[in-house]
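Enquirer: Sequence:
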Amino acid sequence: MLKHRNDMACPGKGFYTYDAFISAAKSFPTFGTTGDMTTQKREIAAFLAQTSHETTGGWPTAPDGPYSWGYCFLREKDNPPDYCTPDQQWSCIPGQKYYGRGPIQLTQLWFWMTAQLPKPSCHDVITGRWTPSPADKSAGRLPGYGVITNIINGGIECGKGQNAAVADRIGFYKRYCDILGVKPYGDNLDCNSQKPFGQ
Numbered sequence: 001m002l003k004h005r006n007d008m009a010c011p012g013k014g015f016y017t018y019d020a021f022i023s024a025a026k027s028f029p030t031f032g033t034t035g036d037m038t039t040q041k042r043e044i045a046a047f048l049a050q051t052s053h054e055t056t057g058g059w060p061t062a063p064d065g066p067y068s069w070g071y072c073f074l075r076e077k078d079n080p081p082d083y084c085t086p087d088q089q090w091s092c093i094p095g096q097k098y099y100g101r102g103p104i105q106l107t108q109l110w111f112w113m114t115a116q117l118p119k120p121s122c123h124d125v126i127t128g129r130w131t132p133s134p135a136d137k138s139a140g141r142l143p144g145y146g147v148i149t150n151i152i153n154g155g156i157e158c159g160k161g162q163n164a165a166v167a168d169r170i171g172f173y174k175r176y177c178d179i180l181g182v183k184p185y186g187d188n189l190d191c192n193s194q195k196p197f198g199q
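Numbered by the UniProt record's numbering, the letters in the sequence shown go through residues 1 to 199 in order.
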């Protein structure tokens, strides 16, 4: 499933393991266990797709296709910006640089399961437990995989029309759905016309 995570070309070689994934998932008993079997598989596909996008080592003509290279990197590549924001509750350490690390980047794993107002949890969206408010509907935020992208990186990727990052996330999602036998993929896969949460 994570075909090239241990490829010699991947800096994350040996870091991402099945046992670590299962151990982390056990900390969240409803992750991948809510709803019918299709819903459970859809959540796992959505999680792996979002995290594969964040750690991809793929490119358009990559062996086995661009969506076979998730879990390749440990850190943001291409000279990432410093995400230190000095006005936050927890100040940054002088001389340190803050950038995305790991499959969920700088955010915590728990946010997949826990709402961060005004955002719902990714878990509630993919399992059908989230109902959009009138404000969500007018902002184009309807149930589906696209809202998960909005939760994770909406301020950068959503509401900007078609873009490569959103298409990449969808490509990974469809690949994992295909592997897990999830059909249909669901509605509202992109966030191209959604306003980011909080706007």
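Everything labelled a hint here was simulated from the structure, so no lab data went into it.
One or more of the hints may lead you astray.
Calculated pairs, DSS-like style, for lysine-lysine (alpha carbon to alpha carbon, straight line, at most 25 Å) [what the hints assert, rightly or not]:
#, residue 1, residue 2
1, K3, K13
2, K3, K160
3, K174, K160
4, K26, K41
5, K26, K195
6, K97, K41
7, K174, K195
8, K13, K26
9, K137, K160
10, K97, K137
11, K41, K160
12, K97, K13
13, K41, K3
14, K3, K26
15, K174, K3
Enquirer: Compare the structure with each hint and give your call.
Expert: Results of checking the hints against the structure:
1. K3 to K13: 11 Å, holds
2. K3 to K160: 31 Å, violated
3. K174 to K160: 22 Å, holds
4. K26 to K41: Holds, at roughly 16 Å.
5. K26 to K195: 33 Å, violated
6. K97 to K41: 37 Å, violated
7. K174 to K195: 23 Å, holds
8. K13 to K26: Holds, at about 23 Å.
9. K137 to K160: At roughly 17 Å apart (the allowed maximum being 25 Å), K160 and K137 satisfy the hint.
10. K97 to K137: Violated, at about 38 Å.
11. K41 to K160: 29 Å, violated
12. K97 to K13: 23 Å, holds
13. K41 to K3: Roughly 18 Å separates the two Cα atoms, so the pair holds.
14. K3 to K26: 23 Å, holds
15. K174 to K3: OK: K174 and K3 at ~15 Å, within 25 Å.
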